[in-house]
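Grab the two chains, each in its own frame, and use the hints to assemble them into the complex.
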Amino acid sequence: MGMTAIEKILAKNSGQELVKPGDLVVVKVGTAVLYDNNFVPSIWRDILKVYDPERVVVVFDHRVPAKDIISATAQKTGRDFVKKFNIERFHDVGAKQGISHVLVAEHGYALPGSVLVCGDSHTCSAGVFNCAARGTGAPDMFYAVTKGETWFRVGETIRYDFEGTLKSPVSMKDVFLHIADTYGSHANQNVEFGGGALPSLSINARRTMTTMCAELSAEFATFEPDDVMLDYVRERNPAPFEAQYPDEDANYLARRTINLDKMEPLVALPDTVLENSQKVGDVAGTHIDQAFIGSCANGTLDDFAAAAAVLKGNKVASNVRLLVTPGTQNIYLEALRHGYIETLIEAGAVVTNATCGACGGGHLGVLAAGESCITASTRNFKGRMGDPDSKVYMGSPATVAASAIKGTIADPRDFVN
Amino acid sequence: MEFTGKTWKFGDNINTDLILPGRAQLFTEAEQFRCVFEGNRPGWIDEVASGDVLIGGHNFGMGSSRPAARSLRNTGLACMVAESINGLFYRNCVNWGFLALECDGISTAFEEGDEAKVSFEDFTVNNSRTGDILQSRLVPDILFNTMKAGGVLPLLEAEGLIAAAE
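If you read the sequences in order, they're chains A and B. Note that the working numbering numbers the first sequence so that position 167 is 167, with each residue one more than the last. Just so we're on the same page, the working numbering is the position in the second sequence counted from 1, plus 417.
Bound conformation, chain B alone (with noise of 0.2 Å):
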């Protein structure tokens, strides 16, 4: 599994409210992902383009449980690799399937609009322009096959325990 796509570049400390408004928290899932980064930058929700790889600072994702992680993969990003992924949104990436990998020094090596190979085979990022490496944690396989799976709904499903989307 690997994806090849434009970058976009977000700070350290990005928190849920930014990537998904208090005031979206009872829309639609379809009408929430309209909402994401509004506040700190708006108009991106009509610039990113299916196969884009967010790039991350420092403990992204950093605040409230709520489905923001869901909210990104359903803006179109292939992907997203921070150089780290506070514990909670790590939690709803692998359980709302939203590819994401942490890689110390990926936002020093990228800069917004670089071309990013991801290989999810030997979590490996690429920067196409500058032709550098960086090797990126490793994902224990129980979290990595979950995510891969689209999130642990679908698995619940399977085994019946929650009912078929609507």
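In isolation and in its complexed conformation, chain A is listed as follows (with noise of 0.2 Å):
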């Protein structure tokens, strides 16, 4: 019997020769990533031994620079651990700070075939390196660090094959919505996604897909290997891995076409995302007071390109707050570069640091009770992203930037073509 890409890789790495559906695999821990909500004082408990420091990787990214006392605390309790154990690969408030998945992504820490885990739900993110990776709970970290595994339930998985071509301003935001409306949860069950489009999709794109499977509840989201992904590990990892390819009798629960032409903007309305989107036009004229750009879904450079298409000539609405926070201060670096950083201020942006931000309602545009928001990034259940009694909107980029301009929720398709 055949297995897919993510059960060859859990059988790789618990030294077995086949695994299926139903089993509780113990695996090696390739990598695992602490960040700062692990070294929260009512979390965080002293780790004597560490199992192997260079599987290690710390990052403080959901409140940088620290917001209050008790972040700045975690964050101190944090540096004291990666002294304590010499953890070269560390992530301060710096020039190499940013958001976790957005940093395993651009240092190319989660290698193909490998398991890799850390305490935030959005860790499968690093799926499209075709690598095991799933967010964990703190306890979960604690044990990973300290033993070097972790224990899966292996779940049944459905394919995806993408086929056809994006057409901008459509994005894989878009077709994260559509897969969410259309086939709503699939929780303790795996997606693989595959198809003849992937050349023509890059590795960010790929990554909003599957940092965003964690809203489908899946337990992991693994990209069938192809050359652009591998040319994008080994330029930035030498370290030797081993891509795990999908048999091709491998047994799937349901197997699906994404036909990529048929696309458009869609938006999520408040509280889920699961079979709870409509095409812009249907929602459209919706009032909003804030809209936001960031997170480990929607924080890279293409996602910049994507708000400043929009807004380049364009102003803000006056009863709008649009916020752009990117993914890593590497990403502010570059979009500064490429005049994406002058195009949004121009229009009446404010750009942050990089961190989670807003996406969590943790710092940096809280929403108070009664109001709206469209957001392009990871959630938007109830009180997300502040007060229970706001209500969050989900688009692409190109869709929060051409509703800011509106003042209410627009089509992006009205701003560029």
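Derived by calculation from the structure, the hints in this document are not laboratory data. Each residue gets a CB set at the ideal place from its N, CA and C atoms; glycine is no exception. Treat the hints with care, since some could be wrong.
Claimed, not checked - With a straight-line Cα cutoff of 27 Å, these simulated DSS-like cross-link-like pairs (lysine-lysine) come out:
id	chain 1	residue 1	chain 2	residue 2
1	A	Lys406	A	Lys315
2	A	Lys167	A	Lys84
3	A	Lys315	A	Lys279
4	A	Lys28	B	Lys565
5	A	Lys49	B	Lys565
6	A	Lys84	A	Lys49
7	B	Lys565	A	Lys147
8	A	Lys167	A	Lys20
9	B	Lys426	A	Lys382
10	A	Lys147	A	Lys279
11	A	Lys406	A	Lys167
12	A	Lys147	A	Lys262
To be verified - Chain A side only, calculated, beta carbon under 7 Å to chain B, not exhaustive:
id	residue
13	Asn188
14	Asp282
15	Gly360
To be verified - Covered stretches of chain A (in silico footprint by chain B; criterion: 3 or more residues with CB under 8 Å from a CB of chain B, positions within the stretch not fixed):
id	segment
16	67-76
17	140-150
Put into structure tokens, the structure is as follows:
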């Protein structure tokens, strides 16, 4: 019996010939990413032994620079841990600052065919690199860091094949909203992506998709390897790896083809992305107070380019606050060099430092009761970005930028072709 | 190991931002559980009593990795039985030591307030009012032992890998 890509990765890292749905596997952890939330006083327990400091990455991303005393205390604890165990891959406030999942991509930390865990739910982001990457809880991270292993329940796999071509300003965010709207929850299932359109999709675009798979409640999101991805990793990390391709006779619960030519801008209504989206035209005119572009899903240079293309020569409406947060300081610098930052600021956007920021309602753009936001970030749960009585709509960076100009939800195709 | 308690019912796709709101993320453990369900069911935290049982729908606990399972445990709930539990939330139930079962048909078998008898010997759930007995999915030993032990932290402590709680 053949195996899907994720089943092969889990088999390889658990030392088994065959892994199948229903199994519980114990795997070696290749990379364990600790982040500022793990060091918060109500969570942190001093680690006395580290299995292998070279497998550990430490990132501060949720509240950087520290927004209050507890955040500052957490980061101080993190710095002490890094020093104690000589952790080399450390991303403090400064030039190497950024959101963990974006940094994992930028630095090639997620090796194809390996296992990566992090105590943040959007860790599935690194599945773009054919990596078994999963968000875990904080206790899982203590276990992985001290013992070098973790466990996974193996679910069934759904395969998506991308065919055709995405037509700008339609983006992978819209494709994701289409999948979430059409097929709903993928709880306890894995998703695998491939298809003829793969070479035309940038790593950033693919990573928007894998990151958002947390919102499908998927266990793992894995792309089939191709040269674009393998070259991307090799350029960033000299370490050897063994990418895992799905077997031809792999057993999928379902196989679905997504025709990219047919995609169009969608907007998810507040509280969930599952079976809850509409065509942008059907919600156009909906009032908004804030517009946000950022997060591990949409803080990439591609997203800055999409927003700048819409905002060039336009102004943000007087009733709207447009906030843009890059995924890393390196992306910030690249966006500056490309002139995107100038375009955004001239249009009236506020560009912040790299952090999770407004996405989790932690800082840099929290919503009051009764306010509405359209966001190109990860999650639109009730109260996600502030007061429980605020509303969060979700769209692509282009849709968010167009909405910021109009002052109400708007179609990006009104501004760019 | 068996618990008998009054049930509280919740629907499908109850997410972690409802269980533990973002605004509470930096609070102390004792402050955090006071915020449980404040967005969707204000006042519940004052009504729930020690030993009660939560009945959940499908994909309970979808969302983030925050210590929401710990907060549910800290409300005094004896355990939870849901139609299905989100994968990440399930990990957190195991690793924070919150007893949780998955059981087909549980949300239709119970009305809120019914008394549930939950057995962690044979993983059955008994509705005292109707007499219905439902069989939950079995929990693998390796996971159940961790859940029962109060989660993974006491085990790591015993092995000298992390410091004792202050």
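query = Holds or violated: are the alpha carbons of Lys406 (chain A) and Lys315 (chain A) at most 27 Å from each other?
reply = Since the Cα atoms of Lys406 (chain A) and Lys315 (chain A) sit roughly 9 Å apart, the hinted pair holds (cutoff 27 Å).
ask   = For the pair supplied as a hint, Lys28 (chain A) and Lys565 (chain B), is the alpha-carbon distance within the 27 Å limit?
value = holds, 24 Å
inquiry  = Checking one constraint from the list: CA of Lys167 (chain A) to CA of Lys20 (chain A), max 27 Å. Satisfied?
reply    = violated, 38 Å
query = Are there at least three residues in the segment 140-150 of chain A whose beta carbon sits under 8 Å from a beta carbon of chain B?
reply = holds (count 5)
message = Hinted pair, alpha-carbon criterion (27 Å max): Lys49 (chain A), Lys565 (chain B). Please report holds or violated.
response = holds, 25 Å
ask   = Close enough to count: is the Cβ of Asp282 (chain A) nearer than 7 Å to one in chain B?
value = violated, 23 Å
ask   = Does the CB of Asn188 (chain A) sit less than 7 Å away from some CB of chain B?
value = Cβ of Asn188 (chain A) sits 6 Å from chain B, so the hint holds.
query = Between Lys147 (chain A) and Lys279 (chain A), is the straight-line Cα distance small enough, at 27 Å or below?
reply = Roughly 48 Å separates the two Cα atoms, so the pair is violated.
Supplied contact hint for Gly360 (chain A), tested at 7 Å Cβ to chain B = holds, 6 Å
Coverage of the segment 67-76 of chain A by chain B, judged on three or more residues with CB within 8 Å = Coverage by chain B holds for the segment 67-76 of chain A (3 residues, Cβ < 8 Å).
inquiry  = Hinted pair, alpha-carbon criterion (27 Å max): Lys315 (chain A), Lys279 (chain A). Please report holds or violated.
reply    = Judged against 27 Å, a Cα distance of about 24 Å means the pair holds.
message = Next pair to validate is Lys84 (chain A) with Lys49 (chain A); report whether the Cα-Cα distance is within 27 Å.
response = Given that 27 Å is the threshold and the Cα spacing comes to 10 Å, the pair holds.
Hints 2, 8, 10, 12 and 14, counting from the list given before, are not met by this structure.
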